[in-house]
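J.: The lines below spell out each chain.
2 protein chains.
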Amino acid sequence: MVISKPKQSIAEVITVGTELLLGQIVDTNTQHLAQEMARLGINCFYHTTVGDNKERIIACIKAALKRADLIILSGGLGPTADDLTVECMAKALEVELDMHQPSLEHIKKFFSTRNIVMPETNAKQALIPRGAEPLQNDTGTAPGIYWDVQPELLSKLNIECNRIMVALPGVPFELKHLFKVQVTPRLMQDGEAGSATIYSIDLRHYGIGESALAERYADLLHLSNPTVAPYAGHGECRLRVTAKAASLEEAKALTKPVVDQIIERSGPLLYGFDDTNLETECARLLTQKGMTISLAESCTGGLMSKLLTDIAGSSKFISLNLVTYANEAKEKMVGVPSEILAQHGAVSEECAKSMARGVRLLTSSVIGYAITGIAGPDGGTADKPVGLVWLALDTENETITKELRLPSHLSRKEIRTRTAKEALNMLRLYLV
Amino acid sequence: MVISKPKQSIAEVITVGTELLLGQIVDTNTQHLAQEMARLGINCFYHTTVGDNKERIIACIKAALKRADLIILSGGLGPTADDLTVECMAKALEVELDMHQPSLEHIKKFFSTRNIVMPETNAKQALIPRGAEPLQNDTGTAPGIYWDVQPELLSKLNIECNRIMVALPGVPFELKHLFKVQVTPRLMQDGEAGSATIYSIDLRHYGIGESALAERYADLLHLSNPTVAPYAGHGECRLRVTAKAASLEEAKALTKPVVDQIIERSGPLLYGFDDTNLETECARLLTQKGMTISLAESCTGGLMSKLLTDIAGSSKFISLNLVTYANEAKEKMVGVPSEILAQHGAVSEECAKSMARGVRLLTSSVIGYAITGIAGPDGGTADKPVGLVWLALDTENETITKELRLPSHLSRKEIRTRTAKEALNMLRLYLV
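Listed in order, the protein sequences are those of chains X and D.
For reference, each letter of the first sequence is one residue, going 2 to 433 in our numbering.
For reference, each letter of the second sequence is one residue, going 2 to 433 in our numbering.
Hints listed in this document are in silico derivations from the structure and should not be mistaken for laboratory results.
Heads up, some of the hints might be wrong.
A pair holds if it fits inside one copy or across any two, identical chains being indistinguishable in the list.
Below, simulated DSS-like cross-link-like pairs (lysine-lysine); rule was C-alpha separation at most 30 Å, straight line [to be verified]:
id, residue 1, residue 2
1, Lys253, Lys55
2, Lys414, Lys290
3, Lys157, Lys177
4, Lys403, Lys177
5, Lys181, Lys414
Could you put together the complete structure from these sequences and hints?
T.: Here it is as structure tokens:
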């Protein structure tokens with residue numbers, strides 16, 4: 002019996018676990034649940050994390066019941082004494098726990114199919130607050146819980162409407178699976194899923210910083226629906242366009258004129274959308290143009306090769322890549338003349354050119370590509386500091402080179418990563 | 002003036018940002034701050050995330066002031082209208098904001114050295130609640146804030162002791178830097194840093210699953226100080242031993258007998274501690290033994306080469322690696338006989354052996370190592386499904402091979418990653 006249900010649901014996510022408070026693991030469940038809420042059009046005003054402590058979990062649940070009408074708890078459903086979530090849900094509302102026989106059978110079966118006798122502590126996982134619904138968990142032992150809490154139970158907290166409380170296991174793939182298969186349909190059916198949908202699209206840029214991007218699009222950053230916001234990370238920038246509307250189609254339609262305008266204004270700085278990255282874009286262009294490439298990498302040690310072969314179907318455009326780490330390998334494998342090495346050194350425009358040419362001829366590829374530089378932390382000199390990198394792209398008709406001077410305080414890892422991204426971007430600009 | 006200070010500080014972390022509530026970014030700041038608190042012996046009972054909403058940020062701050070004596074806010078220090086943290090800190094305690102001239106000069110200088118005129122909105126970042134201390138930020142524009150809030154300001158909230166409120170920028174590297182350089186020393190000086198220190202050590206295992214590890218160490222999992230807990234992730238398992246004591250030395254001493262026992266019992270399943278990973282361990286062993294290696298990779302496309310050259314000084318043991326992606330490259334570069342390719346195929350023990358031998362002879366390395374397999378999603382057959390991989394390690398005296406049959410439902414990325422880890426582990430076991 003539902004007495005009153007707010008039209009716009011407000012949710013709160015509570016993650017339970019002392020390991021989270023100690024920073025021993027990063028809380029990806031909250032992000033997943035937040036994304037799913039946004040997709041379902043459910044507003045979330047707070048996320049809370051609390052440790053394995055009865056009193057504080059109960060306090061969190063009570064606070065959430067007062068300010069949200071959908072509460073999703075993650076974690077604390079395990080078999081040990083530290084797993085307190087279900088007990089605290091029951092305590093917060095002063096109801097009993099009942100042993101749910103089908104869940105107990107499921108847990109026993111889970112062990113018996115693995116030829117293990119169920120440890121007695123696991124029986125605890127089949128305890129369900131009276132009035133709540135257990136959610137069968139095909140991926141683990143602990144059932145989830147979906148509880149449409151009626152106002153009778155809430156009156157002592159001075160809450161007049163019903164509330165929905167959901168408990169999910171903390172293991173990320175169990176949580177994701179149960180949320181998708183068991184919780185989402187119930188939220189839709191109970192009308193918790195909102196009347197509005199949020200849609201976001203990322204416009205990925207390379208070669209411009211966050212503040213420069215924000216300045217260029219200052220006129221768009223104050224829009225309200227869609228909103229436009231810049232994000233930076235890993236040497237790249239994204240503009241995220243987000244709209245809210247009654248349906249996904251309407252939300253998408255709201256973003257379209259703004260997205261079109263950004264595409265037009267950004268030109269080649271914009272290289273893709275959402276999950277596209279520089280390597281998928283390079284792979285797409287290489288495949289589309291039927292071009293082959295081979296690489297001779299030095300300081301990146303195979304990173305660019307790894308990135309390009311991350312893409313399924315990369316065997317269409319790559320047959321051989323080399324990591325010519327030592328000077329000897331540069332001479333022997335791709336025929337860099339020893340005079341170039343002696344006169345200009347391995348980190349030089351001349352050496353990069355020669356490596357690119359050499360690897361192209363060795364493999365009969367359309368494009369030969371070379372990277373040589375100083376990734377550090379050692380090996381830098383006043384003349385050639387850590388962070389100095391030469392890129393070369395060689396074809397039958399032309400050779401393009403580029404010098405990078407990356408900040409020498411960057412870590413070896415960052416220098417290698419940024420170098421690979423710069424190299425992919427130079428390849429992309431050549432292919433476009 | 003400090004009227005009363007609890008001996009054991011209790012902290013609360015509040016992260017501010019609607020993008021967190023929408024799940025658009027994962028909140029790594031909370032984890033970092035949580036780890037730092039644990040290191041400083043400060044207990045943290047709650048983490049809260051709240052959106053860019055004045056009323057709700059103030060409510061969060063007030064709730065935190067009541068239950069914690071150290072409140073650390075992250076995010077919302079930017080120049081835009083959405084950045085509300087400082088304003089809300091002042092509102093919660095009903096004090097004015099003052100323009101802090103040195104911070105304003107710092108922000109202006111930040112722009113002028115980049116040949117940009119400071120946008121007027123950035124001046125807002127120099128506003129500081131009256132009585133609070135600005136923390137100079139060498140890595141960005143927004144100063145942090147350290148505020149030893151006196152009881153006079155708190156009496157209206159019925160709080161009798163003083164409180165410390167800290168605000169840090171949401172950009173992770175700015176937050177980390179300011180926390181380390183500016184906040185930690187102040188917490189130590191103000192006696193907030195606890196009288197107990199928590200020390201954790203990770204014992205990294207490879208080749209055993211989480212449940213098998215938990216079962217093997219069931220006798221240790223119920224200890225209380227130190228505690229022992231298993232963690233799984235990325236195909237590896239860790240046992241974390243955590244102790245709490247008055248000093249770091251005492252905490253370390255508490256873990257020692259348990260750590261020694263695990264080392265003894267795990268044998269070669271245990272490969273390292275804390276931030277050690279399979280590649281650093283392989284690099285250490287190769288360097289220690291003065292051995293050189295060269296790789297011929299197929300399905301991993303350079304990933305193992307990338308991992309081994311992530312290590313500074315890898316030029317000591319690597320001169321050349323090959324990504325022999327196409328059959329032609331396997332024949333031409335490392336001399337795999339065409340009969341092997343015709344009879345057994347590229348994904349076969351024979352081909353892996355031949356690749357390993359070929360690359361060893363080509364480079365005159367001590368170890369030749371080859372990886373060939375089917376990373377998918379296409380290219381699998383009933384006979385040779387996606388996930389089938391052959392590894393071969395060749396030296397002058399012996400050839401070791403290993404067949405992997407990884408679950409074919411894994412993604413291309415997972416198959417490549419697990420293959421590289423298995424390959425590194427096989428190399429490690431050879432070197433040990």
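J.: It remains to establish, for every hint, whether it holds in the given structure.
T.: Okay, the hints, checked on the actual structure:
1. Lys253 with Lys55: Between copies, since 29 Å is at most 30 Å while 44 Å is not.
2. Lys414 with Lys290: Between. Shortest inter-copy distance 25 Å satisfies the 30 Å Cα cut-off; intra-copy 32 Å does not.
3. Lys157 with Lys177: The answer is neither: 33 Å in one copy and 44 Å across copies each exceed 30 Å.
4. Lys403 with Lys177: So Lys403 and Lys177 fail the 30 Å test inside a copy (43 Å) and across (33 Å) alike.
5. Lys181 with Lys414: between (35 Å within a copy, 22 Å between copies)
Checked against the numbered hints listed earlier, the structure breaks hints 3 and 4; every other hint is satisfied.
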